[in-house]
Structure formats: C-alpha cells, structure tokens
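Protein chains in written order, with the numbering used here: chain D, 1 to 229; chain U, 1 to 229.
Chain copies aren't distinguished; within one or between two, either way the pair holds.
With a straight-line Cα cutoff of 35 Å, these simulated DSBU-like cross-link-like pairs (lysine-lysine) come out:
#	residue 1	residue 2
1	183	215
2	215	154
3	162	83
4	3	53
Quick caveat, the hints were computed from the structure, so don't treat them as lab data.
So you can see what is in the structure, the chains are spelled out below.
Number of protein chains: 2
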Amino acid sequence: MTKKTAVILLSGGLDSATCLAMARDQGFRTLAISFRYGQRHAVELAASQRVAKALGADRHQIVDIDLRAFGGSALTADIDVPKDRPEAELESGVPITYVPARNTIFLSFALALAEVEDAADIFIGVNAVDYSGYPDCRPEFVAAFEAMANLATKASAVDGRKLTIHAPLMHLTKADIIRTGRKLGVDYGLTISCYDPTPAGESCGHCDSCQLRKKGFADAGVPDPTRYA
Amino acid sequence: MTKKTAVILLSGGLDSATCLAMARDQGFRTLAISFRYGQRHAVELAASQRVAKALGADRHQIVDIDLRAFGGSALTADIDVPKDRPEAELESGVPITYVPARNTIFLSFALALAEVEDAADIFIGVNAVDYSGYPDCRPEFVAAFEAMANLATKASAVDGRKLTIHAPLMHLTKADIIRTGRKLGVDYGLTISCYDPTPAGESCGHCDSCQLRKKGFADAGVPDPTRYA
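Isolated chain D (complex conformation) (with noise of 0.2 Å):
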C-alpha cells in the first residue's frame, strides 16, 4: 500500500517538530515546509532543517516570501521583542511579536504543495492552550481556513478530495506536547523557539516563547536541552 503524503508547516520550533513527528507516527509521507521570511531569528531556519533530517522528513523545503515589506511586527521589523513580561501578561492580548496572516499565508502556500504533491492532509503545529495570544492559532482559524481551502483549488472543488488541516497540538499544554515528542523520539535539543537568539542559535531566556517553553520542561518534570545565552 502506498503511504498517503502530509505537507507540515515546520517552523525549527518545539511544536512544530512534534508535529512532525505526530504525522511520521501516523504513517504519513512527511514533506516538511519551512519559510523565509525576513524573521530576525533567522537560526530557527538551521534548526528546522536539523529537525527534518533527525525525524526523517521525506523532503524538506525552504520558501523564501518577503513579509518585511508589510513590516508591522517585532518578529520581522526593527521592533524590540519584549522580554521578562509576567505570566498574567502573557496571557492577555496580541503581543508586538504578532506577524500580520503568517498562519494564513504560510497554509496558503502548504495548500498549493498539497495540491501538486496529491497530499490530502496539512499539518500545523498551533496550540490555544500555552500559547501566545496570536488569533491565527485558535481552533475556528484552522476549522475557517480548511473550510476555504476545500473550495480553493482543483483537487478538492472539483475533484472531491477533502483536505484536512490537523492541528494536534491545539488543546494540549505545553508539558504534553513535550511528553508527546519524547515518547516519539524527538530530540528537543535541535529545536529553538526563541523570538530573540544570538546568532550563535542560543536563546535569550526571556521573550514570551523562551518562558512559554521553560515553563513546559518544568511542568513535565523533563530536563530543558535548551543552550541559554
């Protein structure tokens, strides 16, 4: 039986590598897809080719789109990215380090892979739990979003293949995702979510993310690989 083929948004982060390796486990054929986007913290693009190669992706690509010419975020902009904020903070609002529709954008071009590559399914590693307030990770995007792209293209409208966009992650914590990954060998020492790392790939400690992501190896008892700066 041939293996069916899964396009996942691999971004060198915590979830989106355990995302990968969520599908690997489901039995898909992986094809992991990464972007360029003008992001300061350009490691994260080392990262999620390391990421490919340890969980063996079946092919990885790097897409180049410019989102700095709509500037608009601290992510891609000369904005600083906000560090030490308090926990309460964190979770009220849409921080400065929002990036306007890189969910929507980076689906959009993971639907056109899909198509070319017969693929039915799209992964994306967003979570609503211990996230970061961003609106693009909430369960009605991503239900909204397979919505339209059952009637974007070809394949779906026409010729009745029903795509469907797995968010795995969504209701799980942080300390979940983390048991999850390890329980499927990934190695989390690969992966960087900093928002600000030195250009040696080691994080600052301090943004939303880097505290988002200690607070999960605190909260599932598992040693923190990360390289603090």
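With chain D held as given, fit chain U onto it using these hints.
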C-alpha cells in the same frame, strides 16, 4: 474626512484594472499589489505598473513569491499554453493554466497588507461568468476566504474590524466589464491578458485568455486596443 483604504490585487490584466478603477470610483485610497510569482508572462508586471500609474493608485507594490518551487501549471512551469481551444472546451473543466492555490496565496498577502495599513477592504477581479474554470474564482470561494480572514487577524478577530473581500466583477460578462471600465476611464491598451505574450508585450491572440478578451470587445462593440503578434 479621511479616505478609507482598500488593497487591490492588480495583475496587469483587463479585469483587475477595472477593479482598481471601481475602487477609486468608490472613493477608496487604493493600495495596489502585484506578484512576481515565476509567471512565464512577466510582461504582465510591466502592464500592472502602467495601469497603477494611469489609474492613479496611491501606491503600487510588487511582492516576490516563488510558486515555481511547486510547479504544476502551464503559467509557471515548462508546459505549453494551449491555443485555439474551441469555445465549448473553454467552458468545461479546469485548464492546464490553473496555478495551484494562487488566489488563496494572493489574498493572504493582501490580508497581511490590509492589516498593516488599517484597510478593511480588499478588491479582487475574479469573475464567474466569462472565466477560465478556476475553482478559486467562484463566489463560494470568495465568501469562504472572507469568513476565514475575519478570524485570522488581530484587526478582525480582536479589534472587531470587519474585513470585506470585494469581487465586483463576479457576475459581469467580459463585455459588461469592458463597458464599466470605459466609463471609468480605463485605457485597456495598457493592459495585457495573454497567457503567452511575446517579450515585447504583444498578445498571442490564441490562448484561452486572448479568446475571452477578443470576444469581450466584440460583444461590447468596442474597438479592441490589444497589440496582437
């Protein structure tokens, strides 16, 4: 009173030029956006620049994206553009010139730009009457994209700004589109619709798009300003 801002997807073709003129006529400040997406017919980008200038767009931006990485279309890959297809065939099925998920990707970038520019309106010149059978040109696709977009961004999902995708050509014939544009001062001699033009910008006269365009001018009783090879 400050003008409301709209983002206009501008291809350099007849339809999107008309769309831009309609948005201007409705009083919007117009931000036109075009894409260099590995299309064979790069002369369309030159046309988009002429059109944006002639119609007085407040800004025009060309964004680089690489859809060639995915292959899969006669518009981006090394596949011949079909010529002189009989009219009955034009109306059946999705042609080889279909680019996977193209309008989804274009609208996603427009959505990012809209959010950054505080725009609540996006114009796209898709058409379900005299069209080429692309699934992402249908009203149900546009409605689904709009629903998704309203859940995707901080502007809509958090700040409550309703985003509208305008597709004012959806139910017009090509002849109606031409009549509408002429009333609004569109110089169709600046536009190019051909899928396979010469490097000098002459149209082939035989691809699906040229055939639809020729018929539109004939039906409208308007002289066709197109330079054919």
